[in-house]
Structures are given as C-alpha cells and as structure tokens.
Amino acid sequence: MRSRGSNNWRFVSRQIFVWLCCAAAAFADQAPAWSPTNIFAPASTPAKSIFGLSLFVLAVTGVVFLVVFTLLLYSVVKFRKRRNDDGREPPQVYGSNQVELAWTIIPILIVVALFMATARVIASVQKDPRLDNAIEVVAIGHQFWWEYRYPGLGVVTANELHVPVSDDNQPSPTFIKLLSADTDHSFWVPRLAGKTDLIPNHPNSMWIDPHEAGVYLGQCAQYCGTQHAKMLLRVYVQQRGDFDRWIQEQRQPATVSSAASQGQRIFETTACINCHTVEGTVASGRFGPDLTHLMSRDTIAAGAATNTPENLRQWILNPDAIKPGSLMPAMQLSDQDLNALTAYLETLR
Amino acid sequence: MSTESIAWPSASAESRSFVDTLHEWVTTVDHKRLGILYIIYALVFLLIGGIEAAIIRIQLIRPHNNFVSPQVFNRLFTMHGTTMIFFVVMPVLFGFANYLIPLMIGARDMAFPRLNAFSFWMTAFGGLLLYFSLVGANGLYGAGNAPDVGWFAYAPLTSRTFSVGHSTDFWTLALLVSGFGSIGTAINIVATILCMRCQGMTLAKMPLFAWLNLVMAGLVILAVSPLTAAQIMLLVDRYLGGHFFDTQAGGSAVFWMHFFWIFGHPEVYVLVLPAFAFASEIIPVFSRKPIFGYPVMVGATVAIGFISMSVWAHHMFTVGMGANVNTFFVISTMAIAVPTGIKIFNWLATIWGGKIEFKTPMLFCIAFLFQFLIAGLTGVMMSAAPFDWQLGSSYFVVAHFHYVIVGGILFTLFGAFYYWFPKMSGRMYSETLGKLHFWLFLIGFHLTFDFMHIPGLLGMPRRIYTYEPGRGWDTWNFIVTIGVFFQAAAIVVFLGNLIWSYFRGKAAGNDPWDAWTLEWSTNSPPPAYNFYTIPSVQSRRPLWDLKHPDDPDWKYE
Ligand SMILES: [Cu+2]
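Protein chains in written order, with the numbering used here: chain A, 43 to 391; chain B, 543 to 1099.
Simulated from the structure, these hints should not be mistaken for laboratory data.
Among the clues, some could well be false.
DMTMM-like cross-link-like pairs, simulated, lysine to aspartate or glutamate; straight-line CA separation at most 25 Å [as the list claims (entries may be wrong)]: (1) B:Lys977 with A:Asp127; (2) B:Lys1048 with B:Glu899; (3) B:Lys897 with B:Asp1053; (4) A:Lys90 with A:Asp210; (5) B:Lys1097 with A:Glu131; (6) A:Lys169 with A:Asp209; (7) B:Lys897 with A:Glu131; (8) B:Lys1097 with B:Asp1056; (9) A:Lys123 with B:Asp1056; (10) A:Lys123 with B:Asp1053; (11) A:Lys219 with A:Glu202; (12) B:Lys901 with A:Glu131; (13) B:Lys1089 with A:Glu131; (14) A:Lys120 with B:Glu973; (15) A:Lys123 with B:Asp1095; (16) B:Lys1089 with A:Asp127; (17) A:Lys120 with B:Asp1056; (18) B:Lys747 with A:Glu131; (19) B:Lys1089 with B:Asp1053; (20) B:Lys1089 with A:Asp128; (21) A:Lys219 with A:Asp284; (22) A:Lys120 with B:Glu899; (23) B:Lys897 with A:Asp127; (24) B:Lys977 with B:Asp1053; (25) B:Lys897 with B:Glu1099; (26) A:Lys123 with B:Glu973; (27) B:Lys901 with B:Asp1087; (28) B:Lys897 with A:Asp128; (29) B:Lys901 with A:Asp127; (30) B:Lys747 with B:Asp1056; (31) A:Lys123 with B:Asp1093; (32) B:Lys901 with A:Asp128; (33) B:Lys897 with B:Asp1093.
Sequences are here, hints too, so could you generate the full structure?
Structure follows, in structure tokens:
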C-alpha cells in the first residue's frame, strides 16, 4: 500500500537525486582542468561508481557537519560567561535519557544508510563483469617501474599502458592482473579506478573501461623504496583502430639497421643485456624494462623524463641524475660509446 | 569528605647538590616524578619530530625541490611517524596518566611503583635506540643509517634483501623495547584504577578521566602485544632464517599488515581516549557544569574499546581482501562513529546552559570539539571502502589522521598542559602567552591540515619526496608548508611560557580553577605522599560537595 506521503517523499528524493547528478556532471566536466589526476573527474565505470558513492557520502557527512558545527558555535557563543555575571553557578544538569537515546538512534540510522550504499558499490566494482572481447593485461610492479604483458596478444612493454576505448557500442573493458616482482606497490590512476595494491605472492586484479581516448596519469601509491615518488603511471586510451595498430607494431621484433651496428655491439657486450630485452637480438634480461620498442614511448624511467635523445644519453650516462636511487647502474661509458649506444637505442622504434 | 584530607604544606626544600638531585630523579619511583619525566622526555622528542616534519614540508613546498635527497626524505618520514606515535604522544599521555590518576582517585602512588620506573626507562631507552641508528646502523658500505621503511614498515621492504645494514633492526628493537615499557605501564594503570581507589569511590564515582584511561590501558595490553610479537617474527626472519614475511620463500606480506594494523588501529584509540579524558575534565570545569550523561559516556568509552579491536583491516581496503571482508570492515568501522558521536554530543550538552570561561585550557578544548568533528567525518568518508580506494594512501589520509592527532589529541594535550601546570609546578602560567600560543597554533594548524586534504583529492599520494608540476598540487602544498612556520612559532611560545612561568609565575594555590576532583584538594605541587589522610568521597565531584554543602552532588547521582 502506498500513501500520498510516501509519493511526495519519492518525488522529492528523486528531485534531489536528479539535481545532484546534474551538479555532479557539470562539475565532472570542469574537474579535469583542476588536475589530470582529480578523483572527481571519473572517466571509467569503477571510478564513476566511486564518484557516485562519494557524492552521497559527502552529502550526508556535509549535512551532519553543518548541523553539529552550528550547534557547537551557537552554544559556545550563547553560553559564554557574560561581563555582568552574577557569580552564581549555572543550574547543574546531570543528563537526560531521552536526549541520549535520540542522539544514539539518529547516528545509527545514518550509519545504516551509508553502509547500504557502500555495500552496493563494493559489490558492483569487485564482482567481475568479464566480457568476451575484454583485453587482459598483466601489470608487474618493479622497484621503480611498471612491466606490462598482454598474454593473449604476445606483447611486452613497460611504463606506458595502452588500452582501447570502451563505449556502449563496442564495450571492451581491460582486466589487469596485478603482480609484484619485489616490494609492495599500488596501481592508481584516479580518473580510471580506485587503487589496488601489487603485493608479492598475492596476485590481485582490477578492471577499467575508459570511455574517452586520451592519456590518463597516476602513480604508484604504496611506498616501495627510494624512488617511490618517480614511479609514475601513464595509461594511453586509444580508439579501437589505433589500439590494434599499436599492438601490431609492438608484436614485431626490433628493427635492426646497419647504421647503428656499433652501438648494438656495445649494447650486447656490456651488462645492458643482463637487465634489458630487445626482442630478436641476444638481449633477453628481465630486470629492467623491455627496450624492443623503446622509441615508441613518450617517456623513459617510468615517466621521470621525456624520451628525447639528450635525456636518453643523460640516463645511460648517469641514471641517478634523473632518478636518484633507481636500480640501473651508471655504466661508465666513454663519450664515443655513449653516442653510439644512444644512436642504437634511437633505432628501436 | 573532610577538611583533614587537605595535605600538609610540604617541608621546605633544602638546597641540594646537582648530583643529589639527579640521583633522586633517576632512581625515583614516585608517580609524580615519573609522570614529569615522561612528559619532559616527550617534549624533547616533540621538538625532534617537529623539526623532521618541518624539513619534510620544506622539501615539498614546490615541485621538483632539492632540499633533501630521496634517501634522506624517506628516513625523515619514517622517523617522524615513529617518533611522534611511540616517543611523543604515548609517553606524554602515560605521563599525565601517571601523574594524575593516583591523585584523582585518592591514592598515594601507582599500584607498582618500581614497575612504573622500569616502564619509563624502557620507553626512554627505546627512543634512544631508535636515534642511535644514526650512528650505529651503517653496517654495510652504502647502507643507510636511520630506518627508511615507513612507520608501518610493510614487508617485504623490511627483509634483508631490501633493507641492508641495520637500520630496520634499530627500528624493530626500539619498538620492541618501548613496547615492553608500554605494556608495563598499562598493567600498572589497570591495577591502580581497579585496586587503589579511596573510600567511597566506586567505579561509577570515578572521574571520567580514570575510566577513559582504564579502557586505554586495556587497549594497550591487547594491541601492543601483537606488535611486539610481530617485531620478534621480523627479527627471526632477518637473522634466523624464518619466512613469516619473506615473500620470496612463500611468506606473506599481508600477514605483516594484519599484525601491524591489529595494533595500529586500536593504537589510534589508545592515543585519543586520553585526549577525551582531558576534554572530559576541562570542559565541565570551564562550563561550570558536571559532565552531561556520565553513564552514557562510560558506556560509549567501553563500546569504543571493544569495537576498535574489530576495525583494523580498514587500513587494508586496497590490498585485495575480497568484497565480503571489505564489507565487514566497512560496517564495523562505521559503527565506531556512533559512540564517538555520542561523546561529542555529550560534551556539547555539557557546555549547553553553562557559563563558559575562555581560559587557555578551554580554548584548546573548544577547538578540539570542532576539529574532532571534522576528523571524525573524514574518517566516515574513508570507511566507505570504495571511497577509500581513491582516498587511501593519499594526502587526504595524511590530512585526516593529522586532524585526529594534532587537531584532536595535541590540542587537548595543550589544554591539559595549561590546566594542570599550576598543580604540577605550583605556579600560574601566563594567560597572555597561552592565548598567543593558542591563536598561532590554530592558524598554523588550519593552514597546514585543512589545505592538505585537497592535493589528496587531486591524486597526490603520500610518502613521495617530490612531485610533478602541472597536477594542480603546487599551490596547496605551498600553503601547507607556510602553516608549519606558524605552528613552530606557537611551539616556541608554548615552551617559553612553561619555562618562564616555572621560574616567574605567580603562586597558583591549591585550586586555581575552582574545580571538583581530588587532585585540587592537595598542595600544588603535591607532597610525595599526595594526601595527609586518604580522602573519602560520596560523589563524582567531591570538591563540589565540599564547597556546596547545601546542594551536594550525592543527592542526585
Ligand atoms: Cu611502487
């Protein structure tokens, strides 16, 4: 049975909801301008669900804040000792069971409401909406860089994650399996999803379905050692066609050009190959990032520097100058070797 | 209560040589002296931890700053966190508990005076051990000195693979040693409150201060023990080939997290319950009304004690515990907001209808009420697990827990310093300097910690020694750092006030606040034996009864 009163209430609550959503949408449109890592500018379903919940929680806590704050302020001002005080003690009041009951029950109701809303979002984000055309990625945290493997597509890359746009016409979410090669890390790209930790011996997973193409930024959010600060995250969300093309390119082995053969020789006769892989050559180390398509990346050293020839040279000369405490050693190469080596790396497109 | 319980004036101090005085203080088992030792010890570490914080903030004043190296920065935040929690806030709270509980319950000393001294010196040596790492930890060439694993020292960063040298060992041993001290003091507090109350003081007639400290001490026993166990396991891992947390040999990093946070969360309440205790004494006296709803306050305290043992994994919402476990910790965490809210409402009701005197202790407590409200509400936000997936490990969390520890605990603590300073020293502090301290600190606190929430919402993680420009974080970080200078100035005023007043302050008299609990019935400072005769009480406010024989409390309770 439905009474008139409850109809009215429904109407009002729906109005409030619609109004909140409009305000939120307007805000979310402006929000990326504040910061490329603003949690209030969601661009993927998990981040959006969290955003919706956060509005509700903010609204409820906001109202509680206003009410209690006003009461406090009022009583501090109202009950101050006046200048013309008669010096007598105020009436001594010891308590009141009715009042106590009221301010126990009201908070309990508020908590129940918050809990229900929260439990729903937990279920919606943590349950697995796996689809046939989903992309699978394995993200492996290393001290202080990211390794990405696409097991189904045969691609290995580092630091810059590429995923396709997922929209209603062509839903293609990305599932990310999170592993760690050493210490704890955390994958946090605020506009795409909340953070999930990468813990050795404790595989985790998360998913994203970005709705718009673009570069999304983030960074490691669990202290992982000296260079935790420069373990940055870049997620490239591409239109499906662009993404497929990128995959095609990444699957190729390294281009070998005779012009850079001296640099290649240096690379292959120093310790570089113990730590780095260049597909199609003898270099097959796994301690550092895969360099097969190094030049297809915008940045080096997990986003610490842009990928320019000068930065590359500087990096090989002395990684500590760019990222003090990184786990790549300075190799003490001569200027000549350094130039040849840089020239070789620049051919790895 | 009878007038006889007013103590005899203390015998005039003969002049002693410095060595005699020192010897007396080092070998003392008097709860008041040990209390003061705890407090002074904590103040020294407060300065050290504060300087560390200031350096951290200077480094973060702008993006890509080079004030300190990443290695030094990581040591700084590890030392800052460890120092502030274990060697500032815990000792200072133990100090006040030690000093005040026997006086408030009409006892001559703590139940176990020697255990008391032992516990203090364990804590003290723990702190020294932590800082001895600066010279003692360079075990291997290139190994760092001070610990740099963060104050919660997540595995496997603490394993020998990732932490070479001895810095982590100093961290572990410091907490192990001071942990024994904390457990000793906690046992002592429980025993004192349960067994040493004066005649007439039933549990229901104890000052709330004693109740809150009783629950606090119970929590210390329950919470510090697992931490101590975990430290031993870590040592076994590092030196005896154990694999508890060694992920490369099948150990579990998550296991350490559970151990740490089953200590870590109750620890928050260990710190905040004594702050509630200060507020529950100071607010009534300066509102000139008894605490509103005493039985409910006691019930809420006990409820907080129990619930706080079941919320630890809300620090772990992002470690992949699965939907069901997350949901459980959401409800338990949100539940704790109810008794905490009840407390705020009861303080509010205590003020309501009173005549508030804005003396320095009361100013700090009023600011506490506002700030603790905000701290509690940001806590509720993060208890919604999905929201925490965004907020956790960001500067929002850093702002939140500093709102609790500074805005809540440190503010009431300053209030407590001013409130009981006349009792401890026999001198009145300077009200002008006290107010200056309050306003400077209030401005500094809000500049720093209000604005610190924002970079967190904009995606700035904690524990980074530098950050990228162009993320919208620069301005906020700049403001946050500016606030530090106000806070530093306030601390200078505070210490200046204490020192100046100790030597030059006006004599305070026994009862400068016209207060109601037993400590105000004896001399300032109290004699070694506290009371000439052990008092006997009939109500929660024995001195009210004495001052208002026509309208005593015991008629209503
Ligand atoms: Cu990391």
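Tested hints:
no.: 1; hint: B:Lys977 with A:Asp127; in the structure: 22 Å, holds
no.: 2; hint: B:Lys1048 with B:Glu899; in the structure: 20 Å, holds
no.: 3; hint: B:Lys897 with B:Asp1053; in the structure: 19 Å, holds
no.: 4; hint: A:Lys90 with A:Asp210; in the structure: 15 Å, holds
no.: 5; hint: B:Lys1097 with A:Glu131; in the structure: 17 Å, holds
no.: 6; hint: A:Lys169 with A:Asp209; in the structure: 20 Å, holds
no.: 7; hint: B:Lys897 with A:Glu131; in the structure: 8 Å, holds
no.: 8; hint: B:Lys1097 with B:Asp1056; in the structure: 21 Å, holds
no.: 9; hint: A:Lys123 with B:Asp1056; in the structure: 15 Å, holds
no.: 10; hint: A:Lys123 with B:Asp1053; in the structure: 20 Å, holds
no.: 11; hint: A:Lys219 with A:Glu202; in the structure: 16 Å, holds
no.: 12; hint: B:Lys901 with A:Glu131; in the structure: 17 Å, holds
no.: 13; hint: B:Lys1089 with A:Glu131; in the structure: 12 Å, holds
no.: 14; hint: A:Lys120 with B:Glu973; in the structure: 23 Å, holds
no.: 15; hint: A:Lys123 with B:Asp1095; in the structure: 23 Å, holds
no.: 16; hint: B:Lys1089 with A:Asp127; in the structure: 20 Å, holds
no.: 17; hint: A:Lys120 with B:Asp1056; in the structure: 22 Å, holds
no.: 18; hint: B:Lys747 with A:Glu131; in the structure: 22 Å, holds
no.: 19; hint: B:Lys1089 with B:Asp1053; in the structure: 12 Å, holds
no.: 20; hint: B:Lys1089 with A:Asp128; in the structure: 18 Å, holds
no.: 21; hint: A:Lys219 with A:Asp284; in the structure: 23 Å, holds
no.: 22; hint: A:Lys120 with B:Glu899; in the structure: 12 Å, holds
no.: 23; hint: B:Lys897 with A:Asp127; in the structure: 9 Å, holds
no.: 24; hint: B:Lys977 with B:Asp1053; in the structure: 21 Å, holds
no.: 25; hint: B:Lys897 with B:Glu1099; in the structure: 22 Å, holds
no.: 26; hint: A:Lys123 with B:Glu973; in the structure: 17 Å, holds
no.: 27; hint: B:Lys901 with B:Asp1087; in the structure: 24 Å, holds
no.: 28; hint: B:Lys897 with A:Asp128; in the structure: 11 Å, holds
no.: 29; hint: B:Lys901 with A:Asp127; in the structure: 16 Å, holds
no.: 30; hint: B:Lys747 with B:Asp1056; in the structure: 19 Å, holds
no.: 31; hint: A:Lys123 with B:Asp1093; in the structure: 22 Å, holds
no.: 32; hint: B:Lys901 with A:Asp128; in the structure: 19 Å, holds
no.: 33; hint: B:Lys897 with B:Asp1093; in the structure: 19 Å, holds
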